[in-house]
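> Chains as they are written, first to last, in numbering that gives the first Met the number 0: chain A, 0 to 356; chain B, 0 to 176.
Each hint should be verified, as a subset may be incorrect.
Only pairs whose alpha carbons sit at most 25 angstroms apart, straight line, appear in this in silico DSS-like list of lysine-lysine [as the list claims (entries may be wrong)]:
1) A:K41 - B:K157
2) A:K127 - A:K41
3) A:K45 - A:K220
4) B:K30 - A:K3
5) A:K186 - A:K227
6) A:K41 - B:K151
7) A:K127 - A:K45
8) B:K152 - A:K45
9) B:K19 - A:K3
10) A:K202 - A:K220
11) B:K19 - A:K41
12) A:K3 - B:K151
13) A:K3 - B:K152
Just the calculated beta-carbon pair ranges, DEER-fashion [what the hints assert, rightly or not]:
14) A:N209 - B:T46: 26 to 34 angstroms
15) A:G272 - B:T46: 34 to 42 angstroms
16) B:A123 - A:N350: 50 to 58 angstroms
Since the hints were derived computationally from the structure, they do not count as laboratory data.
Here the structure is a predicted model, which means the values were calculated and not measured.
Where is the CB? At the ideal position from N, CA and C, for every residue including glycine.
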Amino acid sequence: MSEKVLMKGNEAIAEAALRSGCRHYFGYPITPQTELTAYMAKRLPKMEGGVFLQAESEISAINMVYGVAGTGKRVMTSSSSPGISLKQEGISYIAGSDLPAVIVNVQRGGPGLGGIQPSQSDYFQATKGGGHGDYHLIVLAPSSVQEMADLTSLAFDLADKYRCPAMLLADGTMGQMMEPVVLPEPKTGTVEKPWAVTGTQMKREHNIINSLYLSPEVLEKTNFERYKRYETIQEKEVRYESYLMDDADYCIVAFGIAARVAKNAITALRNQGLKVGLIRPITLWPFPSKAIREAADKVKGFVSVELSMGQMIEDVRLAEECRRPVLLCNRAGGMIPNVDMVISSINALKNQVEGGR
Amino acid sequence: MTTQILIAGFGGQGILFSGKLLAYKALSENKELSWLPSYGPEMRGGTASCSVTISDEPVGSPIIDHPDVLIVMNLPSLDKYESTVKSGGMIFVDSTLIERKVQRTDVKAFYIPSTKIAQDMGAANLANIVLLGKVLKDCPAISRSYIEEALKKVVSAKHPEMYEMNLKAIDAGYSYN
Numbered sequence: 000m001s002e003k004v005l006m007k008g009n010e011a012i013a014e015a016a017l018r019s020g021c022r023h024y025f026g027y028p029i030t031p032q033t034e035l036t037a038y039m040a041k042r043l044p045k046m047e048g049g050v051f052l053q054a055e056s057e058i059s060a061i062n063m064v065y066g067v068a069g070t071g072k073r074v075m076t077s078s079s080s081p082g083i084s085l086k087q088e089g090i091s092y093i094a095g096s097d098l099p100a101v102i103v104n105v106q107r108g109g110p111g112l113g114g115i116q117p118s119q120s121d122y123f124q125a126t127k128g129g130g131h132g133d134y135h136l137i138v139l140a141p142s143s144v145q146e147m148a149d150l151t152s153l154a155f156d157l158a159d160k161y162r163c164p165a166m167l168l169a170d171g172t173m174g175q176m177m178e179p180v181v182l183p184e185p186k187t188g189t190v191e192k193p194w195a196v197t198g199t200q201m202k203r204e205h206n207i208i209n210s211l212y213l214s215p216e217v218l219e220k221t222n223f224e225r226y227k228r229y230e231t232i233q234e235k236e237v238r239y240e241s242y243l244m245d246d247a248d249y250c251i252v253a254f255g256i257a258a259r260v261a262k263n264a265i266t267a268l269r270n271q272g273l274k275v276g277l278i279r280p281i282t283l284w285p286f287p288s289k290a291i292r293e294a295a296d297k298v299k300g301f302v303s304v305e306l307s308m309g310q311m312i313e314d315v316r317l318a319e320e321c322r323r324p325v326l327l328c329n330r331a332g333g334m335i336p337n338v339d340m341v342i343s344s345i346n347a348l349k350n351q352v353e354g355g356r
Numbered sequence: 000m001t002t003q004i005l006i007a008g009f010g011g012q013g014i015l016f017s018g019k020l021l022a023y024k025a026l027s028e029n030k031e032l033s034w035l036p037s038y039g040p041e042m043r044g045g046t047a048s049c050s051v052t053i054s055d056e057p058v059g060s061p062i063i064d065h066p067d068v069l070i071v072m073n074l075p076s077l078d079k080y081e082s083t084v085k086s087g088g089m090i091f092v093d094s095t096l097i098e099r100k101v102q103r104t105d106v107k108a109f110y111i112p113s114t115k116i117a118q119d120m121g122a123a124n125l126a127n128i129v130l131l132g133k134v135l136k137d138c139p140a141i142s143r144s145y146i147e148e149a150l151k152k153v154v155s156a157k158h159p160e161m162y163e164m165n166l167k168a169i170d171a172g173y174s175y176n
């Protein structure tokens with residue numbers, strides 16, 4: 000195993016991408032993810048076959064990603080919230096053309112230009128579409144610098160396996176913080192991509208990369224076929240961390256930095272004698288609905304801790320089928336809920352549950 | 000054991016660098032750690048802060064609401080963070096730049112004119128490191144061990160002379176009484 004190094008989250012993503020065989024990066028700088036772009040600018044031109052290009056805009060960058068993805072090469076772009084909004088058209092085209100690509104969103108407060116401090120308010124955009132049409136992204140939510148690296152590696156693998164774009168949904172704290180990280184070993188083998196546009200050598204039929212289907216019958220068929228793959232992803236690729244849930248009376252649901260705050264709150268609450276656990280979605284799509292549904296059989300209620308006005312809470316409620324109260328503990332616009340806030344929310348939940356007796 | 004350290008001052012004073020040095024020291028000691036900078040439009044002249052958590056166990060939140068150790072290099076930072084320090088915690092003050100005393104009586108306060116000491120050494124930009132030397136001396140949770148290893152990782156290989164200067168600055172703070 001390689002040794003632990005100290006890295007910023009943004010740099011860990013970049014290094015993990017290179018080690019996953021990504022040799023093409025297109026982006027445009029934006030706080031708080033610029034270190035990722037800078038790292039790629041420094042490293043890629045020195046690597047064999049490496050291409051780094053700072054595009055003139057986010058729209059341009061995502062369309063360069065579209066182009067490279069069609070050739071079957073591993074390719075990445077990254078940005079932060081407003082930039083990701085600009086990329087949505089291209090993301091929809093990539094999904095509509097069934098191409099693998101990795102898109103990183105190190106979120107900041109919104110809407111609009113918003114601010115530059117951390118946020119999770121692009122949850123809806125990432126998990127429910129963002130661009131137009133029937134499609135999903137595989138959405139991975141790292142909660143440590145180690146996961147920034149590991150999930151980047153996983154994002155490339157899943158994108159290739161299911162021929163769909165995957166998004167790493169991080170936030171400003173994850174991007175800016177440094178933690179020890181063991182980087183993934185460089186990968187050698189590549190996935191077979193018989194669909195890629197690589198030149199026929201006059202030996203095979205043309206491969207066509209396209210998202211335009213003027214016949215509604217054909218377009219419907221491609222959508223149904225794509226959703227078959229999404230079903231497989233939902234069956235096989237759900238990932239989450241279950242933390243102190245075995246004896247829990249109350250369950251916090253949180254991802255990314257919010258889950259880190261929640262863990263500290265759980266330690267404090269357990270010291271007070273309250274049995275609280277955490278379900279931390281690692282895949283936001285597919286969402287760990289089953290784990291939350293099963294938790295609802297045992298716990299008295301849920302608190303969704305979010306850096307938004309309450310977005311994931313809708314998926315929590317759908318998952319637990321409205322059987323238990325679900326409270327929201329949130330800050331927005333670049334603010335982060337602190338440990339005391341989470342403790343207060345659990346106490347409020349407890350009062351609500353016990354008040355009915 | 001978990002120690003939460005908050006370092007704060009003006010941008011340009013080396014607040015993040017001090018934090019990095021502590022982070023690399025913890026890494027050399029094979030401890031768990033997190034290093035979280037304030038980021039944003041707060042370069043030279045604005046306020047900067049850096050949260051470093053060092054622990055024997057995996058670090059929960061990297062965000063520090065109530066530090067065990069507060070290290071301050073300007074008055075606004077002392078005003079802002081004094082009340083947040085844990086009872087029984089420690090506050091380290093650059094007394095060249097901050098004239099007032101710590102008002103809390105339930106924390107230990109340490110004063111060192113680190114900016115003056117650094118200026119007298121001919122290295123005004125190392126006041127942060129002089130102050131850190133004092134922390135290494137007086138904070139039982141953060142020993143001096145592995146500081147050389149950490150310095151080697153943090154100081155650019157292109158400027159080996161800076162390594163010696165930094166080490167001198169640490170010693171100056173460490174030996175100040």
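> Give a verdict on every hint.
Results of checking the hints against the structure:
no. : hint                                : verdict
1   : A:K41 - B:K157                      : holds, 17 angstroms
2   : A:K127 - A:K41                      : violated, 34 angstroms
3   : A:K45 - A:K220                      : violated, 44 angstroms
4   : B:K30 - A:K3                        : holds, 11 angstroms
5   : A:K186 - A:K227                     : violated, 29 angstroms
6   : A:K41 - B:K151                      : holds, 22 angstroms
7   : A:K127 - A:K45                      : violated, 38 angstroms
8   : B:K152 - A:K45                      : holds, 23 angstroms
9   : B:K19 - A:K3                        : holds, 15 angstroms
10  : A:K202 - A:K220                     : violated, 28 angstroms
11  : B:K19 - A:K41                       : holds, 22 angstroms
12  : A:K3 - B:K151                       : holds, 16 angstroms
13  : A:K3 - B:K152                       : holds, 13 angstroms
14  : A:N209 - B:T46: 26 to 34 angstroms  : violated, 53 angstroms
15  : A:G272 - B:T46: 34 to 42 angstroms  : holds, 39 angstroms
16  : B:A123 - A:N350: 50 to 58 angstroms : holds, 56 angstroms
Taken one by one, the earlier hints fail for this structure at numbers 2, 3, 5, 7, 10 and 14, listed in ascending order.
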